[in-house]
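Undergrad: Taking the hints into account, I'd like the entire structure generated from these sequences.
Residue numbers (UniProt numbering): 1 to 671.
Careful, some of the hints might be misleading.
[Stated by the list, open to error] Computed cross-link-like contacts, BS3-like style, restricted to lysine-lysine with a CA-CA straight-line distance of at most 27 Å:
#1 LYS411 <-> LYS553
#2 LYS331 <-> LYS364
#3 LYS636 <-> LYS566
[Claimed, not checked] DEER-style ranges, computed between Cβ atoms:
#4 GLU376 <-> ILE47: 50 to 58 Å
#5 LEU264 <-> MET54: 52 to 60 Å
#6 SER126 <-> LEU289: 27 to 35 Å
#7 LYS584 <-> TYR410: 54 to 62 Å
#8 ALA405 <-> HIS511: 35 to 43 Å
#9 SER647 <-> GLY447: 22 to 30 Å
#10 VAL171 <-> GLY347: 30 to 38 Å
#11 ASP69 <-> ALA554: 53 to 61 Å
#12 LYS584 <-> ASP543: 29 to 37 Å
#13 GLU540 <-> ASP316: 20 to 28 Å
No wet-lab data here; the hints were simulated from the structure.
By construction, the Cβ of each residue, glycine as well, lies at the ideal position given by its N, Cα and C atoms.
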Amino acid sequence: MIECWRLDSPATSLVLVSHNGRLPEVLHFGARLADGENLVALYRAAISDVTGGMIDARPLMSVCPLREDVFPGAQGTDADFQPRFVSAEEEPNSLSLTFADGQAQYRLDVTLDAETDVWSLTAHLSGVEANWLTAPAFPVPSDSDHFVTYSGKWIGEFQENRVDWVTGAHVREVRDGRTSHEAFPGVLIPCDDGFIAAHLGMSCGHRFVAEQLPDGRRQVQFGPMLGRTETEITAGPLYLTRAQNRNGVTANLHAHFRRHIRALADPERPRPVHYNCWEAVYFDHDEVLLRDIAIRAAALGAERFVLDDGWFGLRDDDTTSLGDWQIDPRKWPDGFSAFIEHVNTLGMTFGIWFEPEMINPVSKLYETHPDWILGEADQPLGRQQLVLDMTKPEVIEYLFEQIDAVLSNYKIDYIKWDHNRVLPFPDHRQVRATYALMDRIRAAHPGVEIETCASGGGRIDWGMLSRTSRVWLSDSNDALERMRIQAMAAPWLPPEITGSHVGPRQCHTSHRILPMELRAWVAAQRSFGFEMNLLELSPEESDTLSRVSTWWKANRDWMHSGSHHKLSTRDPEQFAEMIVSADKTRFAVWLGQRGAPADILPDRLRFDGLENRPYRVRRISHFDGGWLSRGDNALKDENGVQLYGQSLMSFGLQPPVLTPASILVLEGEAA
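TA: Set out below in C-alpha cells:
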C-alpha cells in the first residue's frame, strides 16, 4: 500500500510517501509539480535498481530513519519501536501524520507559509524511551556538490565552512547546553536548480548530520541534545526553504521571520538607536558621570539608554552577586527613579541588564539556596559563576518575582538578557523552562522588549528570537570583524533585529584602532547603536557619529521592511551588501574593505533586486583615497551617477580603490 501527501507553495512542492504504513520519506522537495501529477507513479519512477554488494531492496530513508528498516546510515532515533500509520490530518497549508507501535507514538507536523515559501517541520515522540530524536530528516539532491555550515568562537561567530559531499557522515554535536558560538544550527545547500536552507529553531545543544550513503542518497538531520533518557520528546521546528540563489533563500527567511518569529512590543515603533554604557564604565557605576554621558548620547541621536551589568547586589566585578537582583544602594542610593526621569527628559527610554539563569557562589542567593544550582557543587566555574537549575519551580518563581519587581517599580522598556557560561551538561529542559519564564515576563510586561545575548552570539536561534526583539550578534565591536560576522549571519537574521554598536576608538576585544567613519557605517548596516565613553570623543568623531545616526534614523523604516542582498566580490577582503526598499524606489549599498586589496583595481560592483527604471546613485560616506586613488571615478562625485536598474545589476558600477579598514556607502533613489 502506498500513501502519498502533498503540500504546495507557488514555487515549491513537498511530497511525502508512506509504503506499507511505515514512516514517510520525503519523495520530493523542489520545484512545484504539475497540479495533476500522479504521486504514486512519481514514487514508482524513483524506485532504484539493485546490484552487487546491496541487499535486495534499498532501505527506507524516512523522516526518521530506523534500525528496524535495516537503514545503513545515521538513525533518526534510538527508540526501539516499529511504528505504523494511524492517521492523517490535512489542511490546505498543513499536514499532521501519526504513526504508532502500541503505546509508542511518532507524529510529524508540517506547516507551510505559502507566501514566504518557508516550511516548518516538527517531530514528536512519546510513549517510548529515547536519548535522541531528529527533527524530520530531509534528502539532498545528488547534484549538490557541497554544503555550508557555521563554526565560530567568542568574538568570532558565524564562520562559514564549505564541506564537500563524500560517502560517509559529517557529524557535529554541541554538548554545552545552548546554541553555541561554535556551531550555529543552520546549513546552506547549493544545488543545480537553486539553494536549500535549513535551521533548527531550538536554543539547546544540538546534533547535525549531513550524510551520503554508499548508494549515493543523502540526508540531513538536526535534533536537540537531550542529555537524558526521555519518554516525551519534541524535535523542531526545523525551518526549511528553497529558492534560486542565496539571496532568494535570504528573502524567504527574512519574510518568514518578520511575519511569524519577530517579537516586537510595538511593531509600529521604529527600532530605536541604542546607547549601552558597558564599554564606557563596566562595573563602575557613577550616577553623575552617567548623567553626563546620557546628555551626550541623546545629542548624538540615542533613543534608548541601557544600563548594563553592575547595578545590583555588591557587583563590583564578575565574581559576585549574580542572583541578587536588588539595586546596589552604594551606587544608586536613591534607586533609579531620578536617573530614569533624566534619561526620559532627554528623549530616551531606559533599559537594564539581567542574567537570570546564572548565580555567583559569592551571593546572598547562593548562601540561602546552594541547592538551586545545576550540577555538582564542586564543578568548575565559568566566568566565576554557576547555572541555576531552571527546572525547579521555586527558582522560576524567585526569578519572576525579582525581575517583575524591578520592571514594576521603574519605567523600563527593555531588558538585555545575558547568558555568560555554558551548562555543565546538556539538558534541553533548561531552555524550555527559560522560555516559560520569558513568556511569563512578557505577558506581565507587554511593553518591555528583550534582547538576547550569550557572551555575544552564544544563543542565536529562532526559538529564542521568537521571544526577543533584538539579538546581540557578538561581543566584538571591532568593525572589521563585525563586517564579516554580519555578512555571514545575514541569511538568518533580518537587519532590524541584529544589534550592532559603534565601539570605542580602540576596540576592547582586538585592540585595533579604527576610524569612526568605518565603525559607524558598519553599525548602520544593522540595528544601530553606540557603546563607548562619549565624553572622550573628538569633535570630528562626534560629527561623524551624529551624521551616520541621523542618516540611519531617516532611513530605518524602509530598510527594516526591505530586502537584503549579498553582492558578489572577487576580493576575499571585501564584503558587499545592499538593502532595497519594498517598493524598490530606494536602496543603500555597503562595500567594505577589510584588508589589503587582492588586485590592483577593484571589480565593478553589480547590484541586485532592482527594477529596470532610472536610479540616481550617490556616495554618502566620506572618501579620501589620497594618492592611492587618483582617477576620475564617478563615485567620487557627490552628485553620483544615474543609470537604469538593469545596467546597475548586469553592468555594475566601478568603485574607487579602497584602502584597508575603509568603507564605501552608496544611496540610491528612483529618478
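Undergrad: Each hint: holds or not?
TA: Evaluation of the provided hints:
1. Our distance criterion of 27 Å between C-alpha atoms is met by LYS411 and LYS553, whose separation comes to about 24 Å.
2. This hinted pair checks out: LYS331 and LYS364 have alpha carbons roughly 18 Å apart, not beyond 27 Å.
3. The suggested pairing of LYS636 with LYS566 holds, with an alpha-carbon distance near 23 Å, which does not exceed 27 Å.
4. Hint check: GLU376 to ILE47, Cβ distance near 54 Å, so the stated range 50 to 58 Å holds.
5. As the Cβ distance of LEU264 to MET54 is approximately 54 Å, the hint placing it in 52 to 60 Å holds.
6. For the hinted restraint 27 to 35 Å between SER126 and LEU289, the CB-CB distance of approximately 57 Å leaves it violated.
7. At about 44 Å, the CB distance of LYS584 to TYR410 disagrees with the hint of 54 to 62 Å.
8. Look at ALA405 against HIS511: about 40 Å separates their beta carbons, and that is inside 35 to 43 Å.
9. Between SER647 and GLY447 the beta carbons are some 47 Å apart, a value that contradicts the proposed interval 22 to 30 Å.
10. For the pair VAL171 and GLY347, the beta carbons lie near 52 Å from each other, so the given range of 30 to 38 Å is not met.
11. Separated by about 59 Å at the C-beta atoms, ASP69 and ALA554 satisfy the suggested range of 53 to 61 Å.
12. For LYS584 paired with ASP543, a C-beta distance near 32 Å keeps the hint of 29 to 37 Å intact.
13. Distance hint check for GLU540 and ASP316: the Cβ-Cβ separation is about 35 Å, which falls outside the suggested range of 20 to 28 Å.
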